Every structure is written in structure tokens, then in C-alpha cells.
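Undergrad: If you want the building blocks of each chain, they are given just below.
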Amino acid sequence: MKKGNLIVGGLCVLLAVVVIGVSSTYPTSAAYGTGVPGPGLWPTVISLLLLVCSGILIFRALFKMKPEENVSLNLLSAGPCRVYLTILILLVYVLVLKPVGFIISTTVMEFVFIQWFGKKKPYITLLISLAITLVSYFAFKYLLNVPIDFGFFAI
Amino acid sequence: MALLYEIFTTSLTPIVLLYMVGGVLSGICIGALPGLTATMGVALLLPMTFGMDAAQGILMLLGIYCGAIYGGSISAILLHTPGTPASAATAIDGYALAQKGEAGRALCASTLSSYMGGLVSVLCLWLISPQLAKLALKFSSAEFFLLAVFGLCIIGNISGKDVEKGLICGCLGVLVATIGIDSVTSYIRFSPQGNYNFMGGISYIPIMIGLFAMSQAFESIEDIYSKDQVQAKITKILPNKEDLKTILRIAPITGLIGTFIGIIPGAGADIGSFVGYNTARSMSKHPEEFGKGSLEAVCGPEGGNNGVTGGAMIPMLTLGVPGDAVTAIMIGALTIQGLTPGPMLFQQNKVLVYTIFIGMFIANTLFAIFGFAGIRLFTKVLSVPKVILTPAIFVLCVLGSYAMRNSTFDVWVMLISGVVGYFMSKVKIPTSPAILGLILGPMAEKNFRTALLKSSGDPSVFFRTTICWFFLAMIFISLFGGPIKDAVLRRKK
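Chains as they are written, first to last, in the working numbering: chain A, 1 to 155; chain B, 1001 to 1493.
Think of the hints as simulated: they come from the structure by calculation, not from any bench.
If you're wondering where the values come from, they're calculated on a predicted model, not measured in any experiment.
One should not assume that every hint holds.
[What the hints assert, rightly or not] Quick list of in silico lysine-lysine cross-link-like pairs, BS3-like style, CA-CA up to 25 Å:
id : chain 1 : residue 1 : chain 2 : residue 2
1  : B       : 1241      : B       : 1100
2  : A       : 2         : A       : 66
3  : A       : 121       : B       : 1380
4  : A       : 64        : B       : 1161
5  : B       : 1426      : B       : 1134
6  : B       : 1380      : A       : 119
7  : A       : 3         : B       : 1426
8  : A       : 66        : B       : 1428
9  : B       : 1161      : A       : 3
10 : B       : 1161      : A       : 2
11 : B       : 1161      : A       : 66
12 : A       : 64        : B       : 1485
13 : A       : 2         : B       : 1241
14 : A       : 64        : B       : 1454
15 : B       : 1380      : A       : 120
16 : A       : 66        : B       : 1426
17 : B       : 1100      : A       : 64
18 : B       : 1454      : A       : 2
19 : B       : 1428      : A       : 3
Just chain A, same shape as in the assembly (with noise of 0.2 Å):
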């Protein structure tokens, strides 16, 4: 927990200091004249206030974390693994949504991941990912008119 109250922190301010930074470029109260502040001003004292909050995070992790709260987060472990592999198969997934289309982009996706949980047949697994997929192409489609008709093999 420690560590990642540090890397927390650390992040935090990373991009606080350059959202003030950035804001810092835009145009100030006084090129408006009329007395409202410039849109730089805003994010500014948010990010100062973020600044603020992430010293007190490090500050508490590095000298007033009890050794009880410094608990491992297991980033490693077989759960989380397994996470982070869904999310890389995620990510291909919306990669190839577009140019695949909907409903085979879709079976292929929901097909592995219940293959992979479920370990049942694979006919049946393709039978639930069918249906998940069409259930849901047909709901959205018809029912409530979204356009998810694109890509190469749209139907």
C-alpha cells in the first residue's frame, strides 16, 4: 500500500505541475477586461489543491503509515494477472470493433473469455456467446435505434 500511495502521489503531482504549466499559457483576466478570470485560473487552483492533497498522501506514506496499514497489493498475483490479460484482450477488442464489425468482433471476444472462465464445450460456449451478442445487437439496434451496424462484416 505504501508504494502505491507513493506512486499515487507522485503521478498526481506529475500532473498537476504540468496542468498549471499549461494553464499558465492561456489568456489571463485582463486580456477580457470585463472582470471574469481566464480559463487558466480554474484548473489552476484545483491542480494547487491536488498538489496539496498528493504532498499530504507521500507525506503520510514515507512517515505516518502504521506497519499494520502497509498491507501488499498483490499486483501479482494469479487475480490480477488475470485482469490484466482481459484488459489486453479488451483493448484488442475495441481496436478491431470498427473495422471487424460488430457481431463477429463481439462473439470472438465474448467466445474466449467464457471459454477461458468456463472451460465448458466449446459449442455451447459459442452457442452463449451468440446469443449475448445477438441479444444485445438487436436491443440496442432496433429497440433503441443505435446505429451498430459499421465495420467490413457489418450485417
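Mind docking chain B on chain A? Use the hints.
TA: Below, chain B alone, put in the same frame as chain A:
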């Protein structure tokens, strides 16, 4: 009377009631399934409302909301796993009762208590909202700015032990909301040159779907092979006289307390549930039985969490400030319909507002009816395997985020938010403050700058009216009330 006639002829039509039935049924199923929360359900099914009119969409979402908060108690009692965080307190004694072979009695108490809590909150919604909306009509930009700041300050109170983590999350939400064209000066902020997706601003609906639905689906992947077993057979679904007396004594009071918790921006049904549990214990003649299977300990949290539902709608409808994460999503639903929640809604869309009031009453009644009639059926939902449910949630998340603007950019936003939400839960950063930041951030900024524009840059505009001073006092109390109270208690000791 004329208003009621108009509501029943134009707004509360049979098709709307049908949507509500669908909403309540799916809400109970979503709530009953461990891992699927009310927020996730409403976020996932929000895109379904895009093609509906305002009354249909909002009432369906309300059905899901009320149904899911109630549905969470089913798995809390039968599996010792709260279906939603709002039922965590119910699981303690509900499961103990189920182990004693009194699952039916516990389920009956939870159904009736949820109904009582819901009814009290609808009554408060009906009585308080119009008065608050009338008062809010007197608000100018300065008051709305201070109200939004007060809402943002609440983040500290809902962040648990690590206040700075909640504030970090809230700040991130506010910063994301600044991306795109500035509403006051039309200056383009934090957008890559020529990228229209960023210039138009990042919609908070894909972020919500990512933070609340996708990240939870990722978490359920971690223990995808675990199986929950229903522990008890359900008998004796209707209450006896003694139980009925207990329910009627506890639930309306915890429902009322839950309603007031719901009114506080950011405080959700989970807090209402635990406060309800504590209230029930302080009202009980046998507090020693709490934790060992006390019926009062089921009535308290269930009245409390359903009380929050109506309470959370009060600031959402009257001030445009979400009472909890679910009502934050409902603000999105209303905005998509071209409506702006706030005092003007009571002036311009009176029929819709009162339709929502009546709709909430109907939603509560529906889940009570379905709760008694179909409890055995809902327990079957608990046997839907996670290995099929989780991939199906992935598809709904993708379609839900795509449907709003037919844009794959929103799908990417959802996926990234899901990944961020997953890692945030790992380091115990609450995600709800991000939503408060996304909604209240732009409200605060716009009103802050408009107020200064109107006053030609004079900051005393924020101190001119009584309402301003009231909000300044509330901000002070929310920021320093806790530490001052602690210091006083320490000195007394």
C-alpha cells in the same frame, strides 16, 4: 387536481408503467447479484433511455434504483454477501437469521422495511422539494457557486479515513471536466490541436460506466472461479403480528433518517444503511441480540437504505446537485433529454416533476409486490454463473458508452476509466468523488466566473446575501466541523 389529471393522461401512461415494471424487475435482479450495484445497473442501462421520452427514461431508472437497493438484501440474507454496498449492514443479522432457518422471515422484514423506508422518503421528497425549489429560485450565480463548493467539500466526509484520497479523486474529476471549450470565454483547454473529441469535452457518462461498471467487472474477474451457495430454504414469507409491530416501529424512523442522509450531497445508501443499523440498535430493547440474528437489525438498515433513494432525489431535482452516485447518473439522463435539473425544472416541467414523485411511490410499491410474490424466483438469479455474466457486462459497457454519441472515442474513455477505477480500488481510492467533481466542478467554475463577470470582478459578490453566508457556514462546518468536534472531545477527556 388538473395537474394529477394531466399526469395520468399524458405522462404516467401504461407504457411508462411497463418500463417501470421492467426497471424494478431488472433492478431487483441487479441488486441481488453480488458485484452488481445500483450505480452499476443504472449506469449500464442508462443508454436504454436515449430513445425514450423523459418520463419513460427517468421512471425506468428510478425503478432500477429502488429495486436494486432492495434487491441487495436478498443475497445479503441468503449468501452473507451484500448484493450492493447498501445491504452490507443487513448481511450481519439477515444471514444469522437465515442460518437459524428463518430466511423467509428476514426476507419479509427486509421487503416491508424497504417499502416503509421508501414511502417515508417519497413523502419527504413530495413535501420538501417544491419548497426547496422555491427557495432556490432566489439563487444567483454566487449562491450556486457556493452551493457547488459545499457539494465538493462533502467529498471529504464521504472519503472515509483517507480524506486526501477522496479529494485527489474529486480534483481529478474536476480537472477532466475542464477539458474542451470553456463555457464562459470559448477558449479551448487541454485539447490536442484539431481533435474534435477533446474539444467537445469528455462526456461523464462513459467515465461513470467505466468507473462503476467496468472496474467492478474487472474486480469480479479476480475471483471468477468462486461460487456462492444459497444457504437456506425460504419458508414463511408473510409477517406475523409481532414482526409487523417491530417493522412498523423501526423502519419509518430509519427511513426518515435515511432520507436526510440522502439529501446530503455525496452520502449514499451504504451510509444510510449503517446509520439505520445503529439507530435500530439504540431503539431496541434487546441490543445484545444484534449480530446474532435480530429482526430489528434487518429492519433498521433496510429502512435506512431505501430512505436514501427519495432523499437523494431532493437536491438533484431542486438544485441540480446529486445526492449520490445514482442521482448523478440521473442528472445525465435528464440532460440528454434536454432538461436541466434545478429550480427551473419545477417551473417549466411541473408535470414531469410530479410524475417523478408519483413514479417513485409506484416503484416502491412494485418492488414490495414483486418482493413478496417472486422472492423464490429472484433467488434463482443468484445462480447465474459469473463466467457468463461478466463477459456480458463487458458488451453492455461497450454498447452503453458507444450509444450516447455513436463514438468509439467514448468507448476508449470508458475502457480507460474502467482500468483507472480498478487500480484506484486497489489503492483504496473511492471513485464516487470523481463523479461529484465531474458534475459539480463545471457548475462551480461557471457560476464563479459568471458571478465575477456580473460584478465586474468584485469578489464581495460572494458575501452579499444571507444565502451566501448560510453556504459559507455550511462549507466551514463540513471542512472543520469534524476536527473541531474531535478537539473538543479530546479536551473534555
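Undergrad: Of the hints given before, which are not true for this structure?
TA: The structure breaks hints 5, 13, 14, 17 and 18; every other hint is satisfied.
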